[in-house]
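K.L.:
Model the full assembly from the supplied sequences, consistent with the hints where possible.
Spelled out from the first residue to the last, the chains are:
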Amino acid sequence: MATTAISHTPSFSETFFTSLYKVENGERFRTCLQCGSCSGVCPFGYLMDYPPGRMIAGLRADEFNLVMETDTVWMCVSCYACAQICPSKIPITAGLMTRTKEELLLAGNIPSELQSALENSQRYGNPMGESPRKRADWVIGIEPQVTILGKDRRPVDILWFVGDYPSYHPRVQSVAKSLAKVLNALGVNFGILGPEENSDGDTQRLSGERGLFEMLAEKNGKIFSRYQFERIITSDPHAYNALKNEYPVLGINYPVQHYTQFLAERIDQLKPLLVKELQATVTYHDPCYLGRVNEVFTEPRMLLEAIPGIKLVEMSHNHASSLCCGGGGGGMWLDGFQWEKAHARLSEWRVHEAVDSGANILAVACPYEPPRFEDAVKTIPQAEQLVVRDIVELLADALG
Amino acid sequence: MNIIVPVKLVPDLVEELSIDSSGTALDTSWLRMIVNEFDDHAIEQAIILKEHTGAHVTIISVNAEGIDDLLFTAAAKGADRLIKLTGEVESGVNNHALARGMANIIKELKPDLILTGVQAHNDLDGSLGPQLAEYLGMPFVGYISGVKVDGEQVNVRKEYPGGLIGDMNASLPAVLGIQAAEQPPRYVAISKVRQMMKTVSIEELDLSTLDLMGGPTVNRMFQPEVTERATMLSEDADEAANQLINLFKELGTL
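Listed in order, the protein sequences are those of chains U and S.
Residue numbering for the first sequence is 1 to 400, as defined by the numbering used here.
Residue numbering for the second sequence is 401 to 654, as defined by the numbering used here.
Rather than coming from a laboratory, the hints here were simulated on the basis of the structure.
None of the values given here were measured: they were computed from a predicted structure.
Be aware that one or more of the hints could be misleading.
Below 27 Å or equal to it, Euclidean Cα-Cα: the simulated DSSO-like pairs (lysine-lysine) are [as the list claims (entries may be wrong)]: (1) U:Lys222 x S:Lys510; (2) S:Lys598 x U:Lys219; (3) U:Lys244 x U:Lys89; (4) U:Lys22 x S:Lys484; (5) U:Lys222 x S:Lys592; (6) U:Lys219 x S:Lys592; (7) U:Lys22 x S:Lys592; (8) U:Lys276 x U:Lys244.
Ranges of calculated distance between the beta carbons of each label pair, as one might list FRET restraints [claimed, not checked]: (9) U:Asn65 x S:Ser429: 24 to 34 Å; (10) U:Ala185 x S:Glu604: 57 to 67 Å; (11) S:Ser429 x U:Gly187: 54 to 64 Å.
We put the beta carbon where it would ideally sit given N, CA and C, even for glycine.
P.N.:
Given below as structure tokens:
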């Protein structure tokens with residue numbers, strides 16, 4: 001039977017739906033069963049006008065314009081819990097949530113807190129608006145001196161991509177210093193980019209600013225190509241995710257490891273150096289972009305168990321079901337907005353779990369987490385005794 | 401409605417400023433430039449007027465490193481025409497000279513309204529707006545935080561010290577010094593700015609020979625100096641806290 005094409009201007013829902021097909025496995029949006037698992041597992045799904053499942057329903061009903069009229073998608077912390085639980089393996093985070101944020105951003109409809117983080121990233125290469133010249137100030141006083149490739153111009157084995165928060169945040173600089181100490185103890189030949197390093201851009205991408213992500217990635221790619229190194233390690237799971245999964249699409253292709261993977265490979269060399277006993281019960285928080293997204297679960301635990309005196313316990317949500325600290329997807333720069341909507345912080349939920357696990361140390365492996373969890377500890381009376389430490393800080397302590 | 405928005409870049413205070421070897425100017429080797437905040441508000445106000453009542457918006461600026469990015473960003477926000485003024489301006493000029501030179505160019509553009517930032521932190525010889533108004537023979541109102549166009553008149557909201565607000569009219573064409581736009585300057589996605597870089601062109605107009613008369617001569621530029629009465633606290637937080645405690649004790653407040 002012959003059919004005649006009827007000319008028709010596609011609606012916003014249709015155009016948007018078509019754009020989702022361009023995302024890897026995007027055709028799976030057609031296979032949504034409307035089981036609601038995504039909305040249920042979403043840490044902020046309970047207060048979204050349109051949690052992920054309803055967003056998909058809105059798309060199918062040609063009513064996505066209604067979704068665009070609300071601002072609750074900014075509650076999405078890109079934690080991948082929805083994508084991970086989906087029985088049809090629909091790319092909800094990478095596709096639907098990120099694309100919706102992109103559309104809102106293109107329409108100029110973004111919370112002002114996020115706006116300044118994006119403007120700072122564009123202008124200074126870091127979301128905090130700090131001077132790029134001061135990016136390596138944290139290395140002052142470290143012995144032996146940390147090699148800054150632009151200054152020392154020598155080939156290294158390891159390029160350490162430090163990241164924004166370990167470079168600038170006063171609390172997280174201690175994580176950077178600890179990793180420098182551990183790398184030096186292992187005799188690793190490493191260097192950093194210092195003032196030439198730009199934000200990895202991954203969280204900017206997940207908060208809807210793809211163009212900014214590409215700009216930052218291109219800048220980093222250009223700098224990488226200037227120096228000689230064998231692989232990249234990062235102290236940030238978001239940078240790890242970007243370098244591993246997103247930069248190669250832009251033609252920036254280098255072997256990359258999170259520092260926990262790099263150190264776990266050298267566990268036999270590291271273990272004899274861990275001489276100081278740390279009598280503590282430790283629980284480990286799997287960062288979304290290390291655990292759930294990139295399935296690095298064993299290496300961080302292996303490192304913790306190598307520290308003498310440590311007893312490792314698990315929280316009720318662990319491994320792939322870990323809870324987000326609230327910093328992803330732009331959450332790091334939406335504290336005020338999200339507090340206004342939720343009057344709750346995801347970091348506080350997690351700290352409650354850490355207390356319930358019986359741990360006295362909450363170990364982390366993502367630079368967003370120490371400040372977020374330490375703030376939560378201050379507001380939860382039962383958490384008074386809980387200490388938040390990055391794994392590498394514990395390793396550095398155990399070196400003695 | 402033809403709106404002209406003169407804007408400029410100013411030193412970004414995120415970097416520490418230093419004085420060059422002549423001792424009369426900033427050392428430009430490490431200087432990072434940023435759009436003058438008030439000019440950013442002037443751009444926003446022009447775009448708001450365009451959206452509300454329809455207008456043709458021209459952004460005009462003196463050539464400097466980074467000016468193209470500023471102009472393309474303004475285009476992404478909705479500006480229609482971008483003009484870069486060239487000539488012997490790279491080393492910076494005083495506002496008297498700039499106002500005279502710019503007035504000749506702006507006159508040709510037949511503006512109905514000129515919106516510019518009310519001031520800039522590197523204005524050494526007065527802000528640009530009133531001087532432009534003088535050379536163009538137009539009225540000027542500064543410290544504006546709201547603009548409505550009504551026929552041949554413009555109705556403005558002017559801020560006075562002490563929280564007073566003035567509601568006044570001026571006849572068009574007029575020059576307004578913008579203190580704040582009606583809403584904060586908007587965000588434009590980088591992809592939109594990049595698209596502008598491919599599709600929009602920046603016109604270059606020659607400022608020709610500038611008459612520098614009327615501007616100031618800088619004899620000496622220097623960092624704030626510690627006087628005898630000032631006590632500088634340590635940069636170390638713990639040490640500074642101890643110094644403060646001792647100071648309060650000495651003064652009898654603790």
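K.L.:
For each hint, tell me whether it holds in the structure or not.
P.N.:
A quick look at each hint next to the structure:
1. U:Lys222 x S:Lys510: violated, 45 Å
2. S:Lys598 x U:Lys219: holds, 19 Å
3. U:Lys244 x U:Lys89: holds, 21 Å
4. U:Lys22 x S:Lys484: The hint is violated at about 39 Å.
5. U:Lys222 x S:Lys592: Judged against 27 Å, a Cα distance of about 23 Å means the pair holds.
6. U:Lys219 x S:Lys592: holds, 19 Å
7. U:Lys22 x S:Lys592: holds, 20 Å
8. U:Lys276 x U:Lys244: Not satisfied, since the Cα-Cα distance of roughly 34 Å exceeds 27 Å.
9. U:Asn65 x S:Ser429: 24 to 34 Å: Between Asn65 of chain U and Ser429 of chain S, where Cβ atoms are some 52 Å apart, the hint is violated.
10. U:Ala185 x S:Glu604: 57 to 67 Å: holds, 58 Å
11. S:Ser429 x U:Gly187: 54 to 64 Å: violated, 38 Å
Going down the numbered hints, you'll see the structure goes against 1, 4, 8, 9 and 11, while the others check out.
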